[in-house]
Amino acid sequence: MNGPTTYGRQTAAVEVHTPTPRAPAHTAPLAPMQPGAVPAVASVVLPDGRVVTGYAIEPTKPHPAAHKPAVSRTAVNIALGGVGFLAVCGGLLLLATFIAALTALIHQLIILAAVLFGGWVVVLVISAGSHGGGTTVNIRKAVIKRNHFHG
596 MNGPTTYGRQ TAAVEVHTPT PRAPAHTAPL APMQPGAVPA VASVVLPDGR
646 VVTGYAIEPT KPHPAAHKPA VSRTAVNIAL GGVGFLAVCG GLLLLATFIA
696 ALTALIHQLI ILAAVLFGGW VVVLVISAGS HGGGTTVNIR KAVIKRNHFH
746 G
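Position one of the sequence shown corresponds to residue 596 (my numbering), numbered consecutively onward.
No lab work stands behind these hints: they were computed from the structure. Wrong hints could be hidden among the right ones.
[Claimed, not checked] Using C-beta positions, here's what the derived DEER-type ranges look like:
1. ALA723 with CYS684: 56 to 66 Å
2. ALA661 with THR613: 47 to 57 Å
3. ALA696 with PRO664: 43 to 53 Å
4. THR669 with ALA696: 39 to 49 Å
5. VAL710 with LEU687: 40 to 50 Å
6. VAL678 with LEU704: 52 to 62 Å
7. GLY677 with GLN703: 36 to 46 Å
In this text, a Cβ means the ideal position worked out from N, Cα and C, and glycines have one as well.
When you get a sec, could you build the whole thing from the sequences and use the hints?
Here is the structure:
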């Protein structure tokens, strides 16, 4: 069978696989119910007269939800962001106030320096005008001594 065929090709060997049976799945054994836990049998009469009998089923109670805080985390984060923003704005306001006060102080120092320098210049001019470096003649003495003025 593995020999050449009329078309010049060889055929592959045929392998036969037999499936291995698996063991049946085991179900968990039923837990025995306590005698006090057996629900009571209830009968209901339908409007057409039929009677339906069965176990009364208690409605399932939802699992208690995890304790949720009164305020969500998102609200807390937004509030904290607002507090931080206000702190930054307050700091910027203080910085602006500090810069304005510093500018006013520098302005006043410049004015004070101009006034002091101007006063010093005025004192120099006035004192230089009275002591001109020339000869001061007391005219009254000259007139009294000589009866005529020698200039």
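Hint check results:
Taken as a hint, the range 56 to 66 Å holds for the pair ALA723 and CYS684, whose Cβ atoms sit roughly 58 Å apart. Distance hint check: the CB atoms of ALA661 and THR613 are about 54 Å apart, consistent with the given range 47 to 57 Å. For ALA696 paired with PRO664, a C-beta distance near 45 Å keeps the hint of 43 to 53 Å intact. Take THR669 and ALA696: their Cβ atoms lie about 41 Å apart, and the range 39 to 49 Å holds.
Checked against the hint of 40 to 50 Å, the pair VAL710 and LEU687 fails, with Cβ atoms roughly 35 Å apart. For the pair VAL678 and LEU704, the beta carbons lie near 39 Å from each other, so the given range of 52 to 62 Å is not met. Range check, GLY677 to GLN703: Cβ separation about 39 Å, and the 36 to 46 Å hint holds.
When the structure is compared with the earlier hints, violations turn up for hints 5, 6 and for no others.
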